[in-house]
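Guided by the hints, dock chain B onto chain A, whose structure is given.
Number of protein chains: 2
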Amino acid sequence: MKSPGCPLCEGPGGAIVFQGDRFRVIRSAEAGLPAFYRLVWSAHVREFSDLAPADRHLCIDAVACVEEALRRHLDPVKLNLATLGNAVPHLHWHIVARFEWDSHFPGAPWAAAQRQVAPEAQARIEALLPPLEADIAARLAALPGNRTAT
Amino acid sequence: MKSPGCPLCEGPGGAIVFQGDRFRVIRSAEAGLPAFYRLVWSAHVREFSDLAPADRHLCIDAVACVEEALRRHLDPVKLNLATLGNAVPHLHWHIVARFEWDSHFPGAPWAAAQRQVAPEAQARIEALLPPLEADIAARLAALPGNRTAT
Chain A
480 MKSPGCPLCE
490 GPGGAIVFQG
500 DRFRVIRSAE
510 AGLPAFYRLV
520 WSAHVREFSD
530 LAPADRHLCI
540 DAVACVEEAL
550 RRHLDPVKLN
560 LATLGNAVPH
570 LHWHIVARFE
580 WDSHFPGAPW
590 AAAQRQVAPE
600 AQARIEALLP
610 PLEADIAARL
620 AALPGNRTAT
Chain B
480 MKSPGCPLCE
490 GPGGAIVFQG
500 DRFRVIRSAE
510 AGLPAFYRLV
520 WSAHVREFSD
530 LAPADRHLCI
540 DAVACVEEAL
550 RRHLDPVKLN
560 LATLGNAVPH
570 LHWHIVARFE
580 WDSHFPGAPW
590 AAAQRQVAPE
600 AQARIEALLP
610 PLEADIAARL
620 AALPGNRTAT
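Line order of the protein sequences matches chains A and B.
Under this note's numbering, the first residue of the first sequence is numbered 480, with each subsequent residue one higher.
Under this note's numbering, the first residue of the second sequence is numbered 480, with each subsequent residue one higher.
If we strip away everything but chain A, and leave its shape as in the complex, we get (with noise of 0.2 angstroms):
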């Protein structure tokens, strides 16, 4: 189920927060934009509509879980999901918390940046990243359908 030379299929893609069977998730050190995960599928899909009814809601339902966990510990002003692909056909989900002061907002992570943050700023949610990520885990550890073997 690996594509050579994709480099979701040959690395990590990022800083792993849990690793399970079907999917990881992974932080992506985005300047500006502090608390940005990705939801990588293990297997080498191309669209979210090649997954089966039941491995489109368990991928949806860790989404939300890791969206949750965000919105509980760093209480953003909007998140942001979207798996685009273009670049790097293997499917993933950005699951992004916003804030007004971050580089892009309003705008999407993907606009042009519209600002330099503040290093305080930044700071202030890194800090708060351990703990979040330790929540995701156990979060996405404990969901319903995560553990099944593919």
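A couple of the hints might just be wrong.
Said to hold, decoys possible - FRET-style restraints, in silico, Cβ to Cβ:
{"#": "1", "chain 1": "B", "residue 1": "Ala510", "chain 2": "A", "residue 2": "Pro609", "range": "22 to 32 angstroms"}
{"#": "2", "chain 1": "A", "residue 1": "Ala606", "chain 2": "B", "residue 2": "Ala613", "range": "47 to 57 angstroms"}
{"#": "3", "chain 1": "B", "residue 1": "Glu599", "chain 2": "A", "residue 2": "Pro609", "range": "49 to 59 angstroms"}
{"#": "4", "chain 1": "A", "residue 1": "Gln498", "chain 2": "B", "residue 2": "Arg594", "range": "35 to 45 angstroms"}
{"#": "5", "chain 1": "B", "residue 1": "Glu579", "chain 2": "A", "residue 2": "Cys485", "range": "31 to 41 angstroms"}
{"#": "6", "chain 1": "B", "residue 1": "Asp554", "chain 2": "A", "residue 2": "Pro609", "range": "37 to 47 angstroms"}
Unchecked claim - One-sided and incomplete, this derived list gives chain B residues near chain A with beta-carbon spacing under 7 angstroms:
{"#": "7", "residue": "Ser482"}
{"#": "8", "residue": "Pro486"}
{"#": "9", "residue": "Asp529"}
{"#": "10", "residue": "Asp534"}
{"#": "11", "residue": "Arg535"}
{"#": "12", "residue": "Ile539"}
{"#": "13", "residue": "Pro555"}
{"#": "14", "residue": "Lys557"}
{"#": "15", "residue": "Leu558"}
{"#": "16", "residue": "Asn565"}
{"#": "17", "residue": "His569"}
In short, the hints are calculated from the structure, not lab data.
In this text, a Cβ means the ideal position worked out from N, Cα and C, and glycines have one as well.
The following block gives chain B in isolation, referenced to the frame of chain A:
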């Protein structure tokens, strides 16, 4: 369940393709991105994770249903799905069929445009939209759970 001043509470937000009890699907006219649809949740809900689990599944099943119709009718190079809502925090999903020649590929629909689209390419896709949209409406009307009243 309406929020005063919210454009997605006060108007359809685009050309209606499907209108159900819980959500509608609209076509958005975006120059250079000829197959740009949105699924708009009927109730004024801010975040995807604000939905009850059964509604999350209904919502994402409907998104996947639109995605499958787009793939079948248009043979896009990639599908892009996103719920952002930074400007309009009323739950809506962007469902965008992407083509190598579209205005933004391989960038996100919210990144800077990379090219002007040839009118013939845009027109070729636009000619396929009426049967596509009839199929989307039929698939969504048949989606399990979709008729349940709120």
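Hint by hint, here is what the structure shows:
{"no.": "1", "hint": "B:Ala510 to A:Pro609: 22 to 32 angstroms", "result": "violated (45 angstroms)"}
{"no.": "2", "hint": "A:Ala606 to B:Ala613: 47 to 57 angstroms", "result": "holds (53 angstroms)"}
{"no.": "3", "hint": "B:Glu599 to A:Pro609: 49 to 59 angstroms", "result": "holds (54 angstroms)"}
{"no.": "4", "hint": "A:Gln498 to B:Arg594: 35 to 45 angstroms", "result": "holds (39 angstroms)"}
{"no.": "5", "hint": "B:Glu579 to A:Cys485: 31 to 41 angstroms", "result": "violated (19 angstroms)"}
{"no.": "6", "hint": "B:Asp554 to A:Pro609: 37 to 47 angstroms", "result": "holds (45 angstroms)"}
{"no.": "7", "hint": "Ser482", "result": "violated (15 angstroms)"}
{"no.": "8", "hint": "Pro486", "result": "violated (14 angstroms)"}
{"no.": "9", "hint": "Asp529", "result": "violated (9 angstroms)"}
{"no.": "10", "hint": "Asp534", "result": "violated (11 angstroms)"}
{"no.": "11", "hint": "Arg535", "result": "holds (6 angstroms)"}
{"no.": "12", "hint": "Ile539", "result": "holds (5 angstroms)"}
{"no.": "13", "hint": "Pro555", "result": "violated (9 angstroms)"}
{"no.": "14", "hint": "Lys557", "result": "holds (5 angstroms)"}
{"no.": "15", "hint": "Leu558", "result": "holds (5 angstroms)"}
{"no.": "16", "hint": "Asn565", "result": "holds (4 angstroms)"}
{"no.": "17", "hint": "His569", "result": "violated (12 angstroms)"}
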